[in-house]
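Novice: If you read the sequences in order, they're chains A and B.
Sequential numbering from 837 applies to the first sequence in our numbering.
Sequential numbering from 713 applies to the second sequence in our numbering.
Where hints are given, some of them may not hold.
[What the hints assert, rightly or not] Computed cross-link-like contacts, EDC-like style, restricted to lysine to aspartate or glutamate with a CA-CA straight-line distance of at most 16 Å:
{"#": "1", "chain 1": "B", "residue 1": "Lys890", "chain 2": "A", "residue 2": "Asp928"}
{"#": "2", "chain 1": "A", "residue 1": "Lys846", "chain 2": "B", "residue 2": "Asp846"}
{"#": "3", "chain 1": "A", "residue 1": "Lys846", "chain 2": "B", "residue 2": "Glu841"}
{"#": "4", "chain 1": "A", "residue 1": "Lys849", "chain 2": "B", "residue 2": "Glu845"}
{"#": "5", "chain 1": "A", "residue 1": "Lys849", "chain 2": "B", "residue 2": "Glu841"}
If you're looking for bench data, these hints aren't it; they were derived computationally from the structure.
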Amino acid sequence: MQASRARLFKEYKEVQREKTADPDIQLVCDDSNIFKWTALIKGPSETPYDGGVFQLAFSVPEQYPLQPPQVRFLTKIFHPNVHFKTGEICLDILKNAWSPAWTLQSVCRAIIALMAHPEPDSPLNCDSGNLLRSGDIRGFQSMARMYTRLAAMPKKG
Amino acid sequence: MAIEDMYGRSDEEYYNGGYDDEYEDDYDHDPEPESDDDLSCGKAPSCRVIRKESLLAAQKEDLQRVVDLLSLKVHHARTLLIHYQWDVDKVFAIFVERGKEKLYAEAGVTLEEKAEKPASDPSIEVTCEICFEDFPAEQTTLMECDHRFCNDCWTEYFIVKINDGKSRRITCMAQKCKTICDEGKIRDLVTAKDPNLAEKFNRFILESYIEDNKRVKWCPSVPHCGNAIRVEDDEYCEVECACGKQFCFNCLCELHAPCSCVMWDLWLKKCDDEAPTVTWLSEKTKHCPKCHKIVEKDGGCNLVQCICGQPFCWLCGEATGLEHTWNSISGHTCGRYKESHLKSEDSVEDYWRLTHYYRRYKAHIDSLKIEASESKPKILDKVCSLEAKEFLQLKDFSWAMSGFYRLALSRRVVANSYPFAYHYFGDLFANEITKEERGIKQNLFEDQQQQLETNIERLSMFLEEPFANYPEDKLMETRMKIITLSTVTDDLCKKLYECIDSDLLVPLQQTTHTIARYRSKGVEKASEL
Ligand SMILES: [Zn+2]
Ligand SMILES: [Zn+2]
Ligand SMILES: [Zn+2]
Ligand SMILES: [Zn+2]
Ligand SMILES: [Zn+2]
Ligand SMILES: [Zn+2]
Ligand SMILES: [Zn+2]
Chain A
837 MQASRARLFK
847 EYKEVQREKT
857 ADPDIQLVCD
867 DSNIFKWTAL
877 IKGPSETPYD
887 GGVFQLAFSV
897 PEQYPLQPPQ
907 VRFLTKIFHP
917 NVHFKTGEIC
927 LDILKNAWSP
937 AWTLQSVCRA
947 IIALMAHPEP
957 DSPLNCDSGN
967 LLRSGDIRGF
977 QSMARMYTRL
987 AAMPKKG
Chain B
713 MAIEDMYGRS
723 DEEYYNGGYD
733 DEYEDDYDHD
743 PEPESDDDLS
753 CGKAPSCRVI
763 RKESLLAAQK
773 EDLQRVVDLL
783 SLKVHHARTL
793 LIHYQWDVDK
803 VFAIFVERGK
813 EKLYAEAGVT
823 LEEKAEKPAS
833 DPSIEVTCEI
843 CFEDFPAEQT
853 TLMECDHRFC
863 NDCWTEYFIV
873 KINDGKSRRI
883 TCMAQKCKTI
893 CDEGKIRDLV
903 TAKDPNLAEK
913 FNRFILESYI
923 EDNKRVKWCP
933 SVPHCGNAIR
943 VEDDEYCEVE
953 CACGKQFCFN
963 CLCELHAPCS
973 CVMWDLWLKK
983 CDDEAPTVTW
993 LSEKTKHCPK
1003 CHKIVEKDGG
1013 CNLVQCICGQ
1023 PFCWLCGEAT
1033 GLEHTWNSIS
1043 GHTCGRYKES
1053 HLKSEDSVED
1063 YWRLTHYYRR
1073 YKAHIDSLKI
1083 EASESKPKIL
1093 DKVCSLEAKE
1103 FLQLKDFSWA
1113 MSGFYRLALS
1123 RRVVANSYPF
1133 AYHYFGDLFA
1143 NEITKEERGI
1153 KQNLFEDQQQ
1163 QLETNIERLS
1173 MFLEEPFANY
1183 PEDKLMETRM
1193 KIITLSTVTD
1203 DLCKKLYECI
1213 DSDLLVPLQQ
1223 TTHTIARYRS
1233 KGVEKASEL
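Generate coordinates for the entire structure from the input sequences, incorporating the hints supplied.
Specialist: So this is what it looks like as structure tokens:
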């Protein structure tokens, strides 16, 4: 408990200090609970998520960093490794490949990398996984772009 | 007298001519050593028992071979062997075919290329990337992959991993680093914090030799004897642990050859101890909807009639009229009757088959138990009283106990041949063999099985005789019968195995059903390391 608090506090300070270091990620800690975080990440360029801003919710366990944080998308996203309804993410480093050297910041980076490089073989979103696996890249991209426009971009007007 | 007569006459029938003379000859001289392969496995034991005390010694040889070939440190050799499941040949093969780099990388072995860096000033502060605190270098630990973290973070991490049962493969904490941590460093750090856990860690590491090794398995005895068994070549074999437990090495079940492991598993599921009665009750009886008496169903038709006269539909239990065809009961429409009429015919058929085979199997297993608990002590008594007597020629009475052991061994063989037959001549290979072929094979098999069965019963009969009170000439006769029958039974067991293997299984060209080979001497006792 003490260790996780201390570590999260360090991460918090680090985030404050390097606010401008990574313009694609904006990590915010809940005012009253250091175990709850949210992040805004920019969709990587040259992907159907380009131009979108996606919100992530972090729930950090007491055994952190020995145990990984739970992360899910709050913003709807059409991606083979993200559950379309719950926003759950299938990413190895959040499960068996977790190591305490990951931070909330670097997890965000890993999620951005996943957005750019989907793994259609372990899909949480079967529709989008199937589109990709069947080689229908255009179909996948147009769906993903549509949802990015619908859910991840500021409404015009 | 009557019994002797009966068995005397059937001699020719079951000795298959020729046998008589041959075997009497053999046994009049000193008993000859058994077949060649029995001799060879007497020389080099094919299974060993590994005790808590010999666990380290058991893996030393494998470790040493890897250390020698690749000039590695022992802990690296262990990491390799754990990853490659203690298959030394595989390690060598990958080394030759794909090179050192690949071999090491896949297993998570990282060798320090540079000799341990000149110990940087131990007072210099370094930042631990886990807790973000600064520490003097001496309070941090560097792994071979060149990743350094503070001792506290390492220790906490190791404790979690050990408690998670991951002792055998603890990777470095750095992101995406696949290096397996040096067991020595783990041990030192954990010992400082929790000596008991470090002790556990040591044991887990040593036990990888059993847990991750195809050739080694824990003895399945309950309560556990603490031993493991290592087989040298064939996993399909039956072994006896030093604690006395006999088991199939491959599936860890009780002895079941000449039934394959897969068939045995299916058989156990089909009928554990009470299953036949349970099945009988659940499938064979239902309550009459009118008078609530138990009604037994004996036949395929699903319209049954209680002794009170009430007809009812077997499938839904509802009272009906008597008018019916195969497909329907007039005026009754539960919808299940038609659909399951055929299905239930099948299940009744299968039920009778199972009962047939199960009864015979069970009869032999029961005899086996009775013979062990009742006949064995009696035979020992008889031998004792014979040894106390003075005979002209007979001095040695070991044939009586040899006969008993032969009886027990072949009982098990014939018992287990029933579950085999249940599956082989049932649905298991329905797609592989035609009905006609199956019929021919079944005749062949059952002929062998019957010969064996008859001779087993005769052997049993002679062993039961009160031969301790016989005059010498009659005793000589009984002795000869027992010796001959023992040999014949042994031979028939061998033949039944051969029949199962070459006539029944080999033609199917499958690998699922491998049968532990027949050993005249019985289950091999695992020898000490
Ligand atoms: Zn640390
Ligand atoms: Zn490392
Ligand atoms: Zn044992
Ligand atoms: Zn088995
Ligand atoms: Zn009735
Ligand atoms: Zn009928
Ligand atoms: Zn009905």
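Novice: Determine for every hint whether it applies to the structure shown.
Specialist: Hints and how they fare:
For the given pair, Lys890/B sits about 14 Å from Asp928/A by alpha-carbon distance, which is consistent with the 16 Å threshold. With a C-alpha separation of about 12 Å, the suggested pairing of Lys846/A with Asp846/B holds against the 16 Å cut-off. For the hint linking Lys846/A to Glu841/B, the alpha-carbon distance of about 11 Å falls within 16 Å, and the restraint holds. With a C-alpha separation of about 13 Å, the suggested pair Lys849/A and Glu845/B falls inside the 16 Å cut-off, and the hint holds.
Taken as a hint, the Lys849/A and Glu841/B pair is honoured in the structure, with Cα atoms around 14 Å apart against an allowance of 16 Å.
Hint compliance for this structure: no hint is broken.
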